[in-house]
Amino acid sequence: MRIAFTTKGTDWDTKIDPRFGRTEYFFVYDEQSKNIEHIDNTDSANDAHGAGPKTAQKLFDLKADVLITGNGPGGNAATVLEKAGTEIYIGAGEMTVKEAYEAYKTNKLKKI
Amino acid sequence: MKIAIASGKGGTGKTTVSVNLASYLSENNNVVLVDLDVEEPNSALFIKGNLIHEEDKFKMIPDWKQPECTLCGICQKVCNFHAVIQLGTMILVFPELCHSCYACSELCPTNALPMITKKMGELKEYKSNNLAFVNSHLLIGEEQAVPLIHQTIKYVDLKFNDTFIKIYDSPPGTSCPVIEASKDADFVFLVTEPTPFGLHDLKLAVDTMKELNKAFGVIINRNGIGNDDVENYCKKEKIPVIAKIPNNRKIAELYSGGNLIYNEISEVKEELIKIENFIKLNIFSNLT
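Same order as they appear, the protein sequences are chains A and B. Counted the way the working numbering counts, the first sequence spans residues 1 to 112. Counted the way the working numbering counts, the second sequence spans residues 1 to 288.
Check before you lean on any hint, since a few could be wrong.
[As the list claims (entries may be wrong)] Sample of chain B residues lacking proximity to chain A, with all beta carbon distances greater than 12 angstroms (derived): (1) Ala44; (2) Lys65; (3) Ile85; (4) Gly88; (5) Glu96; (6) Lys127; (7) Asn130; (8) Glu143; (9) Thr163; (10) Cys176; (11) Pro240; (12) Glu253; (13) Ile283.
[Unchecked claim] 27 angstroms max Cα-Cα, derived DSSO-like pairs, lysine-lysine: (14) B/Lys236 <-> A/Lys83; (15) A/Lys58 <-> B/Lys65; (16) B/Lys65 <-> A/Lys63; (17) A/Lys58 <-> A/Lys105.
[Unchecked claim] If we take Cβ atoms under 10 angstroms as the criterion, some of the chain A residues that face chain B in the derived model are: (18) His49; (19) Ala51; (20) Phe60; (21) Asn71; (22) Gly72; (23) Val80; (24) Ala84; (25) Glu87; (26) Gly91; (27) Thr106; (28) Asn107; (29) Lys108.
Note that these hints are calculated values from the structure, not bench results. As the structure is a computational prediction, the values presented were derived from the model and not from experiment. By construction, the Cβ of each residue, glycine as well, lies at the ideal position given by its N, Cα and C atoms.
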C-alpha cells in the first residue's frame, strides 16, 4: 500500500495538517519498498478557489492507495478522490505522522 | 442615474437605507430598486409588490465529450480556478468553480469541451405603487455571485431608461461581488456604524472605492452608539458624511416586522431628505 498523509513537515515526527486542500505537504509511505517521499503543496495557499480538486489531483499523480488526514476533504476534492478510488481515513488532525500510521494500522481512524 | 448602497461591514444597514430611500424617492421620481446581494437578498422582505416578471438566469460551463478528447491536458493547464481536472483518462468539470471564461473550451484542439448552459439563479421583477423592484437570488450550492449580479444589472439597464433613479442594494464586504455591483454606479453610499468594527471595515471599503475611482460618501447608521472615530476619520479624509440615522429601538422594531421606517419616524425621513438633496445637488447636476 502507498499511504499519503497530509502534513505540516517532512518527517515521521511531524504533525498531521488537518486540512486537505491546503495541506502544506504530503508525506507518502510505501509499505512495500519502505520508501518515503514528501511533496510540497504550500503553493495551494495562493489559490483563491479550487485548492481541493487541485490537491486531489496531485494525490492521484502520487498513486496513493490510502489518504490519512484530519478533517477530511471538501465536496469537490471528495468527488475527485472517489473517482480515483482512494481510501480516506480522517481524525488524525492532532497526531504526528508516526502516531497516525499506528492508529491506521490498529483501525483507530475513521474511514469515510 | 445609478446609486450603489454598499458597506465594508455586514449588518450596518444597507438594506434599511436602500428600501427606505427607494420608497421615499419613488413618491416623486421614477425609481427602480435592485437587490444585488444575490447570495442572501432581503430587500423583498420590506417591499411588498406585485410580481410582474420572472426568469431563470444561466451561466456557461464546459461539458466534456469523451470521444473527442485526446487527453492532451491543455484544459486543466489553462484553468486558473481548477474547475477542470484531468484524472488519468478522465476529465472532471466542477461547474461551481467555473468562471465561464471559455479558455478550456476555446483552446481545446479537438473541441471536446463545448460550453453548455447551467441554471445559476432566478430574477424577479415586482411593482409596488410607483416603485419598480428587481430581485435576483443565487441557487443553493452556486459559488459565483458575480455572473448573476452582472446579468441582473444588464436586465435593469435594458428595461429601465435613464429617467429612472437606479438604486443597487449591494453585497457586503470588499471582494468581487461588491466591485461588480458598484463599478457602474455614478455614486456609492457607504453605510457604516460608529463603532471600531464599523470604522475598520469602512476604511477597507474606502480603499476599494478609491481604487475603483468612484465618487462616494458615508451614511452613518445607528448614530449615537460607539464613538466619534468614524466622523473624525471622514473629516480627516475629506469624505462627506451625508446623513446620520439615529440609533432608536423603534427603528429596530419596525425593521424586524418587515416595515418601512421613514413614514413612522420623522428623524429618519429628515435624513432621507438630506440624501435626496445631496443626490440632486452633487450627483444629478454632475450627470447633466
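Distal placement of B/Thr163 relative to chain A, Cβ over 12 angstroms: Its Cβ never comes within 12 angstroms of chain A, the nearest being 40 angstroms, so this holds.
Hint status (Cβ of A/Ala84 to nearest Cβ of chain B, threshold 10 angstroms): For A/Ala84, the interface hint holds, since the closest Cβ of chain B sits about 6 angstroms away, which is under 10 angstroms.
Satisfaction of the A/Lys108 interface hint, Cβ to chain B closer than 10 angstroms: Since the shortest Cβ distance to chain B is 30 angstroms, the answer is violated.
When the least beta-carbon distance from A/Thr106 to chain B is tested against 10 angstroms, hint result: violated (32 angstroms)
Verdict on B/Glu96 as a residue remote from chain A, using beta-carbon distances over 12 angstroms: violated (7 angstroms)
Exclusion check [B/Ala44 not at the chain A interface, CB over 12 angstroms]: Holds, because the least Cβ-Cβ distance between B/Ala44 and chain A comes to about 29 angstroms, which exceeds 12 angstroms.
Status of the hint placing A/Asn107 at chain B (closest C-beta pair under 10 angstroms): For A/Asn107, the interface hint is violated, since the closest Cβ of chain B sits about 29 angstroms away, which is over 10 angstroms.
Pair hint outcome, B/Lys236 versus A/Lys83 [Cα-Cα no greater than 27 angstroms]: Given pair B/Lys236, A/Lys83 is violated - Cα atoms ~58 angstroms apart, limit 27 angstroms.
Beyond 12 angstroms from each Cβ of chain A, as asserted for B/Glu253: holds (41 angstroms)
Straight-line alpha-carbon gap A/Lys58 to B/Lys65, limit 27 angstroms: holds (23 angstroms)
Proposed proximity, A/Lys105 with A/Lys58 (alpha carbon, max 27 angstroms): holds (24 angstroms)
12 angstroms cut-off, C-beta based - B/Pro240 kept clear of every residue in chain A: For B/Pro240, whose nearest Cβ neighbour in chain A is about 34 angstroms away, the distance exceeds 12 angstroms, so it holds.
Hints 3, 4, 5, 8, 10, 14, 21, 22, 25, 26, 27, 28 and 29, counting from the list given before, are not met by this structure.
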